Amino acid sequence: MHAHSSSSSRVPTCGNCRHDPNTKRGVLRTCIDCFLKGYHLLHFEYEKGICSIECCYSNDENVRCATKIFNKDKVHGKGFGDYDLLYNNCENFASYCKRGTLVSE
Numbered sequence: 001m002h003a004h005s006s007s008s009s010r011v012p013t014c015g016n017c018r019h020d021p022n023t024k025r026g027v028l029r030t031c032i033d034c035f036l037k038g039y040h041l042l043h044f045e046y047e048k049g050i051c052s053i054e055c056c057y058s059n060d061e062n063v064r065c066a067t068k069i070f071n072k073d074k075v076h077g078k079g080f081g082d083y084d085l086l087y088n089n090c091e092n093f094a095s096y097c098k099r100g101t102l103v104s105e
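Numbering (full-length UniProt numbering) for the sequence shown: 1 to 105.
Because the hints were derived from the structure by calculation, they are not lab data.
Treat the hints with care, as some may be off.
With a Cα cut of at most 20 Å, we get these calculated SDA-like pairs of lysine to any residue [what the hints assert, rightly or not]: (1) K68 - N89; (2) K68 - C17; (3) K37 - P21; (4) K37 - E61; (5) K72 - D84; (6) K24 - D82; (7) K72 - K37; (8) K68 - R99; (9) K24 - H43; (10) K68 - G79; (11) K72 - G100; (12) K24 - T13; (13) K24 - N88; (14) K72 - A94; (15) K37 - R10; (16) K24 - C90; (17) K37 - D60; (18) K24 - K37; (19) K37 - K68; (20) K68 - Y57; (21) K24 - S9; (22) K72 - Y83; (23) K37 - N71; (24) K24 - T67; (25) K24 - A94; (26) K68 - H19; (27) K72 - H43; (28) K68 - T13; (29) K72 - T23; (30) K72 - N89; (31) K37 - D84; (32) K37 - Y57; (33) K72 - R18; (34) K37 - P12; (35) K72 - E61; (36) K37 - I53; (37) K24 - E61; (38) K24 - F35; (39) K68 - N92; (40) K24 - S58.
Quick caveat, the model's predicted, so the values are computed rather than measured.
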């Protein structure tokens with residue numbers, strides 16, 4: 001459970017992507033710097049036969065899919081539905097954008 005702090009300790013909005021780092025829920029659209037928060041980016045190849053037997057979309061298709069989902073609800077990023085630890089989480093979102101299917105399917 002997260003406790004929200006007072007407005008005096010709010011982190012400012014990013015000048016690059018306009019991301020509000022105080023937002024703690026839903027799918028967020030950010031620049032790479034906001035996403036990484038000072039950590040390093042790790043790159044994994046996700047192709048047919050590595051993590052799935054299904055064909056994978058191209059990187060451009062991944063971005064189009066994620067953008068389409070995000071644009072369904074620009075305020076909370078709930079175009080993918082409410083978060084669920086087991087059935088509707090970040091792994092499900094990434095899998096859906098990469099393969100067009102959910103992990104549980």
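Violated constraints from the hint list, given by number and in increasing order = Of the numbered hints given earlier, those the structure breaks are 4, 7, 9, 17, 19, 23, 27, 28, 31, 32, 36, 37, 40, listed in rising order.
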